[in-house]
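J.: These protein sequences, in sequence, are chains A and B. The numbers in the numbering used here rise by one with no breaks, and the one at position 30 of the first sequence is 30. The numbers in the numbering used here rise by one with no breaks, and the one at position 82 of the second sequence is 82.
These aren't lab readings, by the way, just hints derived from the structure by calculation. Glycine included, each C-beta is placed from N, C-alpha and C at the ideal position. Incorrect hints may have been included.
[Claimed, not checked] Reference listing, derived: stretches of chain A covered by chain B, where coverage requires no fewer than 3 residues with Cβ under 8 Å from a Cβ of chain B: (1) 105 to 119; (2) 136 to 147; (3) 153 to 164.
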Amino acid sequence: MKHLSTSARTVALLFCAALLVACSGSDTTEQDEAAAAAAAAAAAAHSAQEAASAAEMARLEEAAAAVGNVFYFEYDSSTLTPEALSAVNAHIALLHRNTESIRLEGHTDERGTREYNMALGERRANSVRDYMVANGISSMRIETISYGEERPVAYGTGEANWAENRRVELKPQ
Amino acid sequence: MKRLLAVFTALVLAALATGATAQISIVIDEGNRDATPIAIVPFARQGTGFPQEDLAEIVDGDLARSGQFLPVPRTDMLSRPSTESEVFYRDWRSINARYLLIGRESMNGPQLRVDYELFDVTSQRKVFSGYEAGPVSDARMLAHRLADEIYEHLTGVRGAFATKLLYISVSRNPGGKDYSRLTMSDSDGARPIVLLETQEPLLAPTWSPDGKEIAYVSFETGRPAIYRQELATGRRQQLTNFKGLNGAPAWSPDGKTMAMTLSKDGNPDIYLMDLATRQLTQVVRHYAIDTEPTWMPDGQSLLFTSDRGGKPQIYRYDLRTGKTERVTHEGGYNARARVSQDGRSVVMVHQQDGRFQIAVLDLVTNRLTPLTSTELDESPSIAPNGSMVLYATKYAERGILAAVAVDGDAKFRLPSREGDVREPAWSPYLSR
Chain A
1 MKHLSTSART VALLFCAALL VACSGSDTTE QDEAAAAAAA AAAAAHSAQE
51 AASAAEMARL EEAAAAVGNV FYFEYDSSTL TPEALSAVNA HIALLHRNTE
101 SIRLEGHTDE RGTREYNMAL GERRANSVRD YMVANGISSM RIETISYGEE
151 RPVAYGTGEA NWAENRRVEL KPQ
Chain B
1 MKRLLAVFTA LVLAALATGA TAQISIVIDE GNRDATPIAI VPFARQGTGF
51 PQEDLAEIVD GDLARSGQFL PVPRTDMLSR PSTESEVFYR DWRSINARYL
101 LIGRESMNGP QLRVDYELFD VTSQRKVFSG YEAGPVSDAR MLAHRLADEI
151 YEHLTGVRGA FATKLLYISV SRNPGGKDYS RLTMSDSDGA RPIVLLETQE
201 PLLAPTWSPD GKEIAYVSFE TGRPAIYRQE LATGRRQQLT NFKGLNGAPA
251 WSPDGKTMAM TLSKDGNPDI YLMDLATRQL TQVVRHYAID TEPTWMPDGQ
301 SLLFTSDRGG KPQIYRYDLR TGKTERVTHE GGYNARARVS QDGRSVVMVH
351 QQDGRFQIAV LDLVTNRLTP LTSTELDESP SIAPNGSMVL YATKYAERGI
401 LAAVAVDGDA KFRLPSREGD VREPAWSPYL SR
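Using the sequences provided together with the hints, build the complete structure.
T.: Written as structure tokens, this is what we have:
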């Protein structure tokens, strides 16, 4: 567990503190009382933490939902734009807190040849994957696939349509 | 053979009824000014059991599509001879026909036979006669073979009408996944047969050198894989199932090896698969994108697309020396090469002024000549006789097929009604 989250660490520390209190008492009754109090405190702390954790999780999920599951690219490029980076970051934060496996689908616009675009779509999906892995997400949780220009979301020609099609879509596996 | 560029575009479109086969028909938009006028008289028939097809009309369509002939309209014909004794040259001179083709059809059981004669109107003599015979069910192919004979006799170049096309058509399915179909048709788009239908992408259809098998990429399992399929039996084999890209299959000229693009080792490289043993050999390895391999006709080297220089360009890999050299130097995007049978001309997708066009590179003179002037042209495929290049383009927001010849001066166009047609692959010469 290289990346124990902050709240998990807090819970662990509180639990240890409660145990220390319980063990330090000399009188049996006192000990029992202290233990019960500590357990109650720990439980309260734990549920407070759980609530905080759930709230944090909800916040991360909301943040990820707000940026969306689609990251956009420049023409013939697989470099993550600043917008794409911040969107991917929101998903990385969420992936650190869950155990989900994801699928990254790379796409291109219709310009250029189909097989070259198949390779370009793969490069885009890989560039999102590599950034996620560099930021601590296990590559075992990420599957990539390229659809090249075969699955457009916008069918027309022109930059407005093309820009919508140059993308990587993040989906649950 | 290669005259100055006078572009001739043939045309093709798909009217794709929902769930139905994509029927491609061809319409001529602009004729070649130097096209030779030829009168093709409807063939005479005596008896019963004849096919529905008008064979003379099929021959007429083939010769017109080549851009090198201008068939005389039937309504202009002053007489309709079917034997030499009925031919009056003045009837044909007066309507400026340079050649005259007449024929007679006869049936023998299920066998159809066409005897035909070709006359030179100017010199007033018979220049050629012959016959074609075959099962009546294959009447269209018989007409295409007849057209091949006439074409070869008058141009000195073997005809390529008795060939087949493969193409992919996609019909949109609002609210769901699109339907992709792999279709095979005659060279004039007639008799389309759907070989495969799926709601996942289909790509890169290609022919074996003997024309008996095809290969393609299908995503039908959810991931791309290369398949090989026998046309006569429909039997097919999945050749690859690697992690990452499995694409761009290309049969070697001897039919024993298939070149392909795989990214199983991290990024797209070119591999050769021995089709007997399924053993893979990596031939081109580079951290850039390497894809779209195609064989030179001698089987000794491969052309492929690589962006190792920053932008996609065509390179040549020599299988004997292991050396790679850059082939294209003009323009910022040159990709998906296909080579003529004589090994001299390379057609490709070439970007110029922001447009993706089909261009031809002469490997001897190193001259690059654009063949088309539309904006999103792709997937060029050369006829086995090198006379025409079939390609995919967009017209009125629809994918259509078009053809262009370097020796003509004509344009053909058809409006697209429904669905997108793409990735044409012209068959090699087919044995009977």
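J.: What hint numbers does the structure not satisfy?
T.: As far as the earlier hints go, not one is violated by this structure.
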